[in-house]
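Participant: Residues per chain, in single letters:
6 protein chains.
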Amino acid sequence: MRIIYITLFYFSLLLSYASYATSVNDFCVADLQLPNTPSGYPCKSETNVTVDDFLFSDFVPRNTIDPFNVRLTTAFVTSLPGLNGLGISAARGDFGLNGTVPMHFHPDANELLIVVKGQLTAGFITPTKVDLKTVKPGDSLVIPKGLLHFGVNTDVGNAIASAFFSSSNPKMEILDYLLFGNDLSTSIIANPTLLDVSQIIKLKAQFRGSG
Amino acid sequence: MRIIYITLFYFSLLLSYASYATSVNDFCVADLQLPNTPSGYPCKSETNVTVDDFLFSDFVPRNTIDPFNVRLTTAFVTSLPGLNGLGISAARGDFGLNGTVPMHFHPDANELLIVVKGQLTAGFITPTKVDLKTVKPGDSLVIPKGLLHFGVNTDVGNAIASAFFSSSNPKMEILDYLLFGNDLSTSIIANPTLLDVSQIIKLKAQFRGSG
Amino acid sequence: MRIIYITLFYFSLLLSYASYATSVNDFCVADLQLPNTPSGYPCKSETNVTVDDFLFSDFVPRNTIDPFNVRLTTAFVTSLPGLNGLGISAARGDFGLNGTVPMHFHPDANELLIVVKGQLTAGFITPTKVDLKTVKPGDSLVIPKGLLHFGVNTDVGNAIASAFFSSSNPKMEILDYLLFGNDLSTSIIANPTLLDVSQIIKLKAQFRGSG
Amino acid sequence: MRIIYITLFYFSLLLSYASYATSVNDFCVADLQLPNTPSGYPCKSETNVTVDDFLFSDFVPRNTIDPFNVRLTTAFVTSLPGLNGLGISAARGDFGLNGTVPMHFHPDANELLIVVKGQLTAGFITPTKVDLKTVKPGDSLVIPKGLLHFGVNTDVGNAIASAFFSSSNPKMEILDYLLFGNDLSTSIIANPTLLDVSQIIKLKAQFRGSG
Amino acid sequence: MRIIYITLFYFSLLLSYASYATSVNDFCVADLQLPNTPSGYPCKSETNVTVDDFLFSDFVPRNTIDPFNVRLTTAFVTSLPGLNGLGISAARGDFGLNGTVPMHFHPDANELLIVVKGQLTAGFITPTKVDLKTVKPGDSLVIPKGLLHFGVNTDVGNAIASAFFSSSNPKMEILDYLLFGNDLSTSIIANPTLLDVSQIIKLKAQFRGSG
Amino acid sequence: MRIIYITLFYFSLLLSYASYATSVNDFCVADLQLPNTPSGYPCKSETNVTVDDFLFSDFVPRNTIDPFNVRLTTAFVTSLPGLNGLGISAARGDFGLNGTVPMHFHPDANELLIVVKGQLTAGFITPTKVDLKTVKPGDSLVIPKGLLHFGVNTDVGNAIASAFFSSSNPKMEILDYLLFGNDLSTSIIANPTLLDVSQIIKLKAQFRGSG
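Residue numbers (our numbering), protein chains in the order written: chain A, 1 to 211; chain B, 1 to 211; chain C, 1 to 211; chain D, 1 to 211; chain E, 1 to 211; chain F, 1 to 211.
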């Protein structure tokens, strides 16, 4: 009887594979050419998906955040399309001496920071609590969504950290870039921050803002 | 050394801006020309987004819900495309004398009703509780998703209310329109509602239903 | 005064219908020709939607899962496009004598299994608990997402069961198909499973795997 | 070397089981004695969980929805605590001659209706479309969340249907019970529905409403 | 026969009411005495719920945000427990002459701002775009989650605005309070913001910060 | 006038801090003593929260997964309570020579694997695709939720990898432990897997299963 099973099996397996192929949505690799949606990019056709859509091979120091002496590399959905719809991503920070990830927040992503080399002083800020920690290799620090935070290399040499995010495409809102790096006018900034006009002008010069 | 930083900074800022521009998804303004998805409309290209996509300038009395002597204006994603994917929207109701928002429910949105002018009697209905309140300026009333509710102007003049919803595109299911405003046949209506045939015919005439 | 109301009503109803038509998203029937997104398929234009998009008329025995003597029929979004975005779907299993739904799991869907005819022995497996039950007509069994489970016809005749899922497009990961039905090489399988090479080769022959 | 592995293995397995036991949240069976939360009931301690928390053995005709000649049985989280947090549940309807599930809606759950025996005429209602279908064994009908719907036994004998929901605890809002079964006053009902006072009084008598 | 139905009906209605009472979770009014959860507060027992849990009667000017000449009143879950789990809330801002809602962001809530009286200049800030608008009565402005924004009264008299949020308990992170109102040390602030030490000391004095 | 502002400011700031303290839910640190819920553990009282709730200082090799020559350490919510409700967590794997993370899947979490030292051969398995990659330091690999996967140290020395998950408490379902490490009887296993009885008995001995 087994032989009959086997024969049927070969035939029906084709059918069931075909049926599973259409009904299975194991992943949704981003087709970055199509317009984004609130839930992420439309999916590439499965026939065009390859394992390389899931691999990021370039976690080397890259974009400098000047003048803060830090370089950032990001594995977000736009460079690692297999992350699409998965709610996870990563970044690497390479800190020079006194290097600092400037004061910023991620409105849409929780972060888990892991120190790989050296030592950072890091923490997040709430109106009533300021929690700073010296974070070393083997330590990791949770930074909940939307809390203002920063990290400073307080080691005698370079430092390296990895950060993981609960979003495939987290936003990084850097205070100095927002306040001093665009065309927001000085008086508009002064009013809701109470910063001195001279301070604003000085930092606009540094961060290339106009207005 | 500062001068070198600054120089590098100008260069790298360009890079990092470019990099942030691709990785940041601050918002997803609806491209209303493309097909909707379960999570909302696809996003307009960021280069076509303007501040006017986030501004609704037309909160004036508009669509009359007759014969109930109420006019409704809605700031939903279809008229305010910046709301796309944000899970929030608003409406304004202008009530004439005895004006009534008819019995209805929003299956997909919680509501917060705020009286701006005059006085409404409003409430929601559950099988075991009927909670009516006289709601005045400065009051606001919560109406959880899917509960049958209504509002009547019980003031001596006109009344105005704002309503806020936990959806960018809330549905408003008005009982009379559903039961008497389409081509559902009288006998089909009578069976699962136990309404009298004469009552159904009378209201079909009023609400333009056929069938 | 009523006559005026009525007149206004006819006019304004047209307006409000038009306005509701644009703002209402009662459902999102899948346009299966467009690329999928993480939240489901884009919606068909409402003017093309018909009641048949919501009806599945073909719950008859269909794809055989051989050599397990079971036939499966699925009402997933790909055959019932009205399910798009709704997070629900169904399947029917027809079990021959000793028919077995092989060891599998649904990573993205909880399941509710209802026996319609006959008797199944079914259960799910955790590292510390194995919960087997004899399930009869009138019984239903919950199988939480991601738990390994199976079902065996332990009746003297055929058996029929319905299964319901908390996803519009649930995945079904069958162990034997994953391990022995593709081109994964025998040594690669042996290492992380500790299965004997002879066992792997035997099952690869049965499940048509290469490698 | 293998012997050492095995020894270590027995020891470490205990450790890893312990560690997995605490870190694994395979399911969250409802502790119905504790207060509910917006995401569902708190979980029973895993040591008190048994397979019976996942089994519902009582899918027999139960609560009569009078005077509609239909009996409903529900497998919701309150009777099947293993459903807690899983977003799925089921009901069974037994229809007598002309039996009718009265006009109602589920604000928080999509529905998949499957006819098991006999024949139902069923459908859902939108302001512009009324989609009625005769649904027979082997057919299933999708009813999206919040749409007004009903089902009538149009067979010559009894009929049975199963319904599946995308919620562990779906609400069923029956129009007649909401409008005529509580203490909402007749005049309050008349105003936002335009039903005749005599009609309301008649149905209040039938549905035991006061006010 | 009708009389029998009615009799049965009275009896069975009791049963079905009881059954619906346990299975229906129409709302989840916060029990603020119990510990919060990630999805909101546990629900008050339904027998203790009253209509007043859904009504907020105190939308009058309240907490002053000094020295910015603005008063804020919030209808969040902690003062309006019926909002629990509903993902919506509201606030009212009363602006004196030149009154300003200081630079802030809501990491967990989208906002819809509606001007009730007077005129505000408001906008949100991104690294590449600054979108300011003069917003008047009848206008409303969308402010997506996590974007830095502010509002200034640019009318000749007082101004009033309502704001609606896509969270029952939105956070308001005010830059000055975070940077200058706690015990974060001056040098720690200076490093990741590049603000001058003298500026920090001056604002710490104004915002009561130590450190 | 400034002096008056300041005075008011000190007074009102107390008020607004108090008000913000109650309305702000910046985070929800797990109170592990209370029963879990479907959305995570109830929150510790904010007054008991310290920065140490957000810090994990113990990312050293720990639980051995024998006989696979791999040690795993997990920073999940049960050891890092600040992760509660945040949808993110991490693990570290230390691979000995030929060390292998055995065939497993995470039904509720997407994974991002980053190789820190050495070289792994890793991949995930679908019915139609097997995607294996050699992953080196600086590489990272995406493993979507529910896909069967494994990792083998193919370097000449030890290897170290970090893994990040889109869940605060991800499940790890190891095939061998599920099939051979509990009291599931040999015949029950054989039927839905088609494994030979002798193979099952051999692996039950190795994985300490009974039955």
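Simulated from the structure, these hints should not be mistaken for lab results. Among these hints, one or two may not hold up.
[Unchecked claim] Below, a list of computed lysine-lysine pairs in the DSS-like style, where the Cα atoms sit at most 30 Å apart:
{"no.": "1", "chain 1": "A", "residue 1": "Lys136", "chain 2": "A", "residue 2": "Lys117"}
{"no.": "2", "chain 1": "B", "residue 1": "Lys202", "chain 2": "D", "residue 2": "Lys133"}
{"no.": "3", "chain 1": "C", "residue 1": "Lys117", "chain 2": "D", "residue 2": "Lys117"}
{"no.": "4", "chain 1": "B", "residue 1": "Lys117", "chain 2": "B", "residue 2": "Lys133"}
{"no.": "5", "chain 1": "F", "residue 1": "Lys202", "chain 2": "A", "residue 2": "Lys117"}
{"no.": "6", "chain 1": "F", "residue 1": "Lys133", "chain 2": "A", "residue 2": "Lys133"}
{"no.": "7", "chain 1": "B", "residue 1": "Lys117", "chain 2": "E", "residue 2": "Lys202"}
{"no.": "8", "chain 1": "C", "residue 1": "Lys136", "chain 2": "D", "residue 2": "Lys202"}
{"no.": "9", "chain 1": "F", "residue 1": "Lys117", "chain 2": "A", "residue 2": "Lys136"}
{"no.": "10", "chain 1": "D", "residue 1": "Lys202", "chain 2": "C", "residue 2": "Lys117"}
[To be verified] On the chain D side, residues computed to face chain F include the following (Cβ under 8 Å):
{"no.": "11", "residue": "Asp31"}
{"no.": "12", "residue": "Leu34"}
{"no.": "13", "residue": "Ser39"}
{"no.": "14", "residue": "Ser57"}
{"no.": "15", "residue": "Phe59"}
{"no.": "16", "residue": "Pro61"}
{"no.": "17", "residue": "Asn84"}
{"no.": "18", "residue": "Pro127"}
{"no.": "19", "residue": "Asp131"}
{"no.": "20", "residue": "Ala205"}
{"no.": "21", "residue": "Phe207"}
[Said to hold, decoys possible] Calculated Cβ distances over 12 Å to all of chain C for the following chain B residues:
{"no.": "22", "residue": "Leu34"}
{"no.": "23", "residue": "Pro38"}
{"no.": "24", "residue": "Pro42"}
{"no.": "25", "residue": "Ser45"}
{"no.": "26", "residue": "Asn48"}
{"no.": "27", "residue": "Asp53"}
{"no.": "28", "residue": "Asp108"}
{"no.": "29", "residue": "Lys117"}
{"no.": "30", "residue": "Gly118"}
{"no.": "31", "residue": "Glu173"}
{"no.": "32", "residue": "Ile188"}
{"no.": "33", "residue": "Ala190"}
{"no.": "34", "residue": "Leu194"}
{"no.": "35", "residue": "Val197"}
Computed from a predicted structure; not experimentally measured. No residue lacks a Cβ here, since even glycine has one placed at the ideal position from N, Cα and C.
Participant: When you look at the beta carbon of Gly118 (chain B), is every beta carbon of chain C farther off than 12 Å?
Facilitator: holds (21 Å)
Participant: Hey, does the Ser39 (chain D) contact hint survive, CB to chain F under 8 Å?
Facilitator: Ser39 (chain D) check passes; min Cβ-Cβ to chain F is 4 Å, inside 8 Å.
Participant: Check whether the Cα positions of Lys202 (chain B) and Lys133 (chain D) lie no farther apart than 30 Å.
Facilitator: Distance of about 26 Å is within 30 Å: holds.
Participant: When the nearest CB of chain F is found for Asp131 (chain D), is that gap smaller than 8 Å?
Facilitator: violated (34 Å)
Participant: So is Asp53 (chain B) really clear of chain C, every C-beta pair being over 12 Å apart?
Facilitator: Its Cβ never comes within 12 Å of chain C, the nearest being 17 Å, so this holds.
Participant: Checking hints one by one. Is Phe207 (chain D) an interface residue toward chain F, by the C-beta closer than 8 Å rule?
Facilitator: Check failed: Cβ of Phe207 (chain D) comes no nearer than 36 Å to chain F, outside 8 Å.
Participant: Please check whether Ala205 (chain D) passes as an interface residue: C-beta within 8 Å of a C-beta belonging to chain F.
Facilitator: Violated, because the Cβ-Cβ distance from Ala205 (chain D) to chain F comes to roughly 43 Å (cut-off 8 Å).
Participant: Quick one, are Lys136 (chain A) and Lys117 (chain A) close enough, alpha carbons at most 30 Å?
Facilitator: holds (7 Å)
Participant: Since Asp108 (chain B) was said not to touch the interface, does its Cβ keep a gap of more than 12 Å from each Cβ of chain C?
Facilitator: Contrary to the label, Asp108 (chain B) does not stay out of reach of chain C, its closest Cβ about 8 Å off (not over 12 Å).
Participant: Taken at face value, is the distance from the CA of Lys117 (chain A) to the CA of Lys202 (chain F) at most 30 Å?
Facilitator: The given pair, whose Cα atoms are some 45 Å apart, is violated under the 30 Å limit.
Participant: Against chain F, with CB atoms and a cut of 8 Å, does the hint on Ser57 (chain D) hold up?
Facilitator: violated (22 Å)
Participant: Decide if the proposed pair is consistent with the structure: Lys117 (chain B) and Lys202 (chain E), CA atoms, cutoff 30 Å inclusive.
Facilitator: Violated, at about 44 Å.
The earlier numbered hints that this structure contradicts are 5, 6, 7, 8, 10, 14, 15, 16, 18, 19, 20, 21, 22, 23, 24, 28 and 31.
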